[in-house]
Amino acid sequence: MLDYRIYRNCFSSAEMRRIWSEHATIAAWLKVEQVLARCQADLNLIPAGAAIDVETVGISDLDTEALAAEMDLVGRPIVGLVKQLRALVGEHGCHVHHRATTQDIMDTAIVMQMKLGLAEIETGAARLIDLLDGHIRAHPSTMVLGRTNGQHAVPMRLATKLAVWHSELARRLEALEQAASRGLNVQIGGPVGDLRGYENGSGERVKAAVAARLELGAVDPHWQNARDGISDVVTALGALCASLCKIAHNVNLLSSSDIAEVSEAHANGKGASSSMHHKRNQRASEFMEAVSRLGRQKAEQIGEFTLHEHERSGGAWIGEWVIVPEVFLLTSGALHWAQALFEGLTFHPEKMAERCHASVTATAV
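Using this note's numbering, you'd call the opening residue of the sequence shown number 336 and step up by one each time.
Don't take every hint at face value.
[What the hints assert, rightly or not] In silico lysine-lysine, PhoX-like type, Cα no more than 20 Å apart, as pairs:
id	residue 1	residue 2
1	K366	K418
2	K366	K496
3	K450	K366
4	K686	K496
[As the list claims (entries may be wrong)] Simulated restraints on C-beta separations:
id	residue 1	residue 2	range
5	E639	M491	27 to 35 Å
6	K581	R353	24 to 32 Å
7	L642	H584	26 to 34 Å
8	C345	A401	31 to 39 Å
9	R506	A401	46 to 54 Å
10	A473	R506	31 to 39 Å
11	G485	T696	35 to 43 Å
12	L378	G552	42 to 50 Å
13	A595	R492	28 to 36 Å
14	N344	R421	37 to 45 Å
The set of hints was computed from the structure by calculation and includes no laboratory data.
In this text, a Cβ means the ideal position worked out from N, Cα and C, and glycines have one as well.
Generate coordinates for the entire structure from the input sequences, incorporating the hints supplied.
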C-alpha cells in the first residue's frame, strides 16, 4: 500500500520515499564502501589507486537485476554489491570491502538514511509547532468547554488546550534530537565487531575517519549486536506518532456535527461523500489519526528486533530492514496530514461560547 500510486501520498511524503527508496538505499551502500576505501587509503592500508577506482563507480554502473538475483541466492545484498565492485575496479578489486563485513556496510548506510529522515521529520514537527503557536496567539482569550471522562467539565481557555499539544510536540521533538545523539553511529567492526584483521590500532583510526567523513558518531567497541541506538530513534518516532494520533482524534471529535467547534478546510471537494452530498467529512484529521496509529504500532515492533544472540543474529537484524523505513515513512505521512490540518483549521468561538453558556446555566440550575 505504501507504494501504490493511488495511496502513497496518503501514507508518506515524497521526500521520505526518496530517502528510503531502493535507489537511495543502494546508493548509501555504495557510499559507505567508497568512504571506507578512501579512509583506508589515507591510512596506507590499501593503495590510493584502489580508493580512486572505487570512488569512480556510480550507481548507474551497477546491475540491479544481478544484485536482486544474488540477494535471492545469498540472503544478503552486499555480497553481490562487492562482487560487482571488484569486477568494475579491475586490478584493485582485492582491496574492495577490505576488512569489512556486510553488517558494517548496511548498518552504516541505514544510519545515513535515518539521519536524512530525522532532518525531514524534525523540520515537519517544527513547522507543526509553529502552526499551533499561530492558533494560540490568535485565540488568547477564547473560552471553550473543557471535557473530562467524556463529559462536560468547566469552561477553559482554548489557548491552554492548544498549548498542551504545543508543549507535548516540543518534547517529542527534543526526544528525537536526544535519540539521534545516541543512535546515529557508524558501524565499522568486521566479522565479529572487534576490528579483526587491523593492526596497531589502525581499525580504530579507520572507524573514526569514516565517522568524520559521514558526519556520524561512533561507539566503542561496536553496536553490531546492541541495537539500542536504532531502537531509541524508532521508539522516539513512535512516541511522536502517539502524540499526533491523540491530537488528530481530539480535533476529529471537535469537528463532529454534534460539537462543531472547529472545522477543516474543504476547498475543491475535499471530504466529499459519494452518497451523501451534504457531508463535508474531516479528512485531514482522520488520515492523521490513521497513519499515526500505524506509525506508533510499527514502532512498537522494534523491541523484538533488539534481541540478538551472541555477536550477530540475522533473525532479529533482518526485521529492521522493514520496520525502520516503514516507521519513518508513516511518521512523515502523519506529519503531512498534521500540517494540512492546522494550516486550514478554523475555530468557531461563537459555538464554543454558546456551549460554555449552556453548560454554566445547567450547572447553576
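For this session: Determine which of the earlier numbered hints do not hold for this structure and return their numbers in increasing order.
Result: 2, 5, 10, 11, 12 and 13
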